[in-house]
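> Take a look at the letters that make up each chain.
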Amino acid sequence: MTSNKTAAAPEELLAAPDQATQNQITQEIRDLHDEVARREAEGETVPSTMWNFPPYRSSILRHPTKNPRLVDPETIELWSPAYGQRDVAAIESDLTLQHTGEPQGERITVQGRLLDSWGRPVANQLIEVWQANAAGRYIHQRDQHPAPLDPNFTGAGRFITNDNGEYKFTTIKPGPYPWKNHVNAWRPAHIHFSIFGSGFTQRIVTQMYFPGDPLFALDPIYNTIPRQKDRDRLVGTYDHDLTVPEFSMGYRWDIVVDGPDATWFEPEGDH
Amino acid sequence: MTARNLRDLGPKTHEKTPGQTVGPFFAFGTVYPKMNEVVFPHSPGSVRLSGAVYDGAGQPIPDALVEIWGADSEGNIPRGRGSRRRDDFTFTGYGRCATTDEGGFVFWTLNPGQVDSRAPFFAAIVFARGLPDKLHTRIYLPDDQDLLDADPFLSSLTPDERATLIATRTPDGNLHHDIRLQGEKETVFIAF
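Chains as they are written, first to last, in our numbering: chain A, 1 to 271; chain B, 1 to 192.
One chain only, chain B, in its complex shape (with noise of 0.2 Å):
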């Protein structure tokens, strides 16, 4: 991608619609074939992107519901259609995953790449019966450590902070990561 090109429009003129929770009942309004493929599961440069959901007394949550958007390997921003009706070659940078009876979730996606020389990293939203509006936050690569330290925003936090929103890289080359909704460990949430 080239340089960001913002464009300033001026004031808000129209109030937004509040968020509400995805309630309990969201798996049959939500899930469909494939929402977790965002790349065909073990095909060359898959990687898998596991972890899970807890709450503040470190139990897991299990009905969650997490969704990841990201660039492609090359640091494209995905134009292609069809995230809900996957074709298994589209690649369309969106993945959505409803959380088992252990919190889990897992995703099969690529690495994405650099976007305007920043570290890369996965935007996540989760939503959960018991949470009153989503949550914003990153999921980021671990691999190059320079560009992390460079990254304004992490550069910003704590170290403790950092790491609730850098992922682990599994001796076999997936991803794990783990999102804490409250608690020690807390994952940083983010607002735009």
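Next comes chain A alone, as it looks inside the complex (with noise of 0.2 Å):
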């Protein structure tokens, strides 16, 4: 039952074989784009992110070819781990006091609220971040991109949500990072999120992104989203309220959690 193959080292996997041009990329993402469109208007629903989307070429090997089954949660599916202040430390949310010095970069916070579908703050839950560096270098052993790491940071944060729903953090803006999905690739700045909601069901993982940003149109992750409305939710909105005076920029980033279409109440005198 355990393989017996040798597996190909992870970061060679990392560079799609055929590198294709960026005019062929955003080609094809434009392709992929008008495609949803036609099927839309023929009455076709279609996911809000495409699993199955060639220009993003790792997915190629790595999308269900079926679509999932649609079903009704079980009790199980409609609740979540509970997280709670004691799972994480104050100070984890505050990405820029984790070494001796101050990282190099533009200090920004980010601030937001975690909503359910019917806009009901999602309290008590943890939301875990991480991200490149104002350089665009990862932490991570795998990264090859030659940009200087920073001593000051390492780009991993976490908090948990309030009872309002609302989270906020402090970090460095991201740079735009190089990748080897075909000829000079490069993704847009962008701070990766992983989400609890109230149901397993709503368990989310996604990015941020920063408004008027260049890169968007080459970029085939952010446009696995075929529309532009929903590619919209994924950006942040400067909040000069946000702003503090000669320290940091502000942005605002609210998250929604999908369904489902029904969820568990306790019975009052139930408890």
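Keep in mind the hints are simulated off the structure, nothing from the lab.
Keep in mind that the hints are not guaranteed to be accurate.
Okay, derived cross-link-like pairs now, PhoX-like style, lysine-lysine, Cα gap no bigger than 25 Å in a straight line [said to hold, decoys possible]:
no.	chain 1	residue 1	chain 2	residue 2
1	B	K34	A	K66
2	A	K229	A	K173
3	A	K229	B	K185
Here are some chain B residues pointing at chain A (derived, C-beta under 7 Å) [claimed, not checked]:
no.	residue
4	L9
5	T13
6	G29
7	R79
8	R81
9	R84
10	E186
C-beta atoms are modelled at their ideal positions from N, C-alpha and C, and glycine is treated no differently.
Make one complex out of these two single chains by using the hints.
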């Protein structure tokens, strides 16, 4: 039952074998988005993120060929792991304080609310974030981008939403990141988010982007989301009211976890 | 647990935030001590759930993240906090494992009990580099054939599809379950 194959080293998998040009990739993205628009016009429901998105080359062998089966959630799936302030330390929400010195780059705060599909706050849930440094370099050993590491920046943090579903963290604005999906491939600056809702069905991992990034139209990952209005939901908003004088720039980004169509409730007196 | 008690909240008012791939470099943001030890390894009643994640060419996926969430042995929904900072005795029901270079994952946990008299299973989610969004699936316990046969979701599947969702009990009492994102024996994934 155990595979006896020798696995490829993970870093060898990072470069797509065909190394297409950016123009080819951009055209493939446009064609797929056009195809989705046609299918929707014909009445088909297309998910907000496409699993099968060949311009993102490593998805070719990693997407299911069948649509997921629509099922009624079982009870366990309507609940989520319980988190609390004991799971994280307050300092873990400030990515600029993890080392002895100040990291290089533009200090920012990101603030927002975690909501469900009915706009209700999701309180006491875990959000984890990770990102590249200001030069676009990840601390991960397999990142071979020859930009400098920052001895004062790791780029990972975590926090628990408060009673109003609010979160806030301080970090450095990440730089664009080169990868090997195709020739001259660059990811728009982004922060990875891992989010728990109040039900396991609501769990998501996603990425937050920054407004006005010139790389949006060129990026196959951002464009795995075929509809512009859905892609817009991943872009934070610059909010001058969150900017702190002589200290940091402020961005706002609200997160909405999906469904299910009905949720558990605890009848009164059942505690 | 008592019977399911669902409340209709009416039409959704907020559009969801779309998912994105976990990317290649998730380890430094998501890996933490004992994350795959839902119970203390080898403790009484513990079971090892292991397997591997494969791509459409049958190759192991070395940069996937697998998560499980399940009831305790009596079928109670865990409400204990501390999945991210384990105390080694609170059963939180949740575990996470990043795959090895051979695509492997391993969890130490409990056999989930029946909830609502249904066939017991682990709820599972797979994330990976190259996988643009999460995939939900279930890992059913293989032990009670009558319950499996009676399950409405499993009954809606072909025998081959059903087999992709049911773990194997190894002779030493542990569980083995592989997940195939694509290809022959492609795991059945679910949406809600």
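> Hint by hint, say whether it matches the structure.
Quick rundown of the hints versus the structure:
The straight-line distance between the Cα atoms of K34(B) and K66(A) is roughly 34 Å, outside the 25 Å bound, and the hint therefore fails. For the proposed pair K229(A) and K173(A), the alpha carbon gap of about 24 Å is at most 25 Å, so the pair holds. For a cut-off of 25 Å, the pair hint linking K229(A) to K185(B) is broken: about 36 Å separates their Cα positions. Taking 7 Å as the C-beta cut-off, the interface hint given for L9(B) holds, the closest approach to chain A being about 5 Å.
Proximity of T13(B) to chain A holds as hinted, the smallest CB-CB distance being about 5 Å (cut-off 7 Å). Annotation: G29(B) was flagged as interfacial toward chain A, and the flag holds, the nearest CB pair being 2 Å apart, inside 7 Å. Given hint, R79(B) at the interface with chain A, holds; its Cβ is 5 Å from that chain's nearest Cβ, closer than 7 Å. Residue-level restraint check for R81(B) holds (minimum Cβ-Cβ distance to chain A is 4 Å; threshold 7 Å).
With 7 Å as the threshold, the beta carbon of R84(B) comes within range of chain A, its nearest partner Cβ sitting at about 4 Å, so the hint holds. The criterion of a C-beta within 7 Å of any C-beta in chain A is met by E186(B), whose closest approach is roughly 6 Å, and the hint holds.
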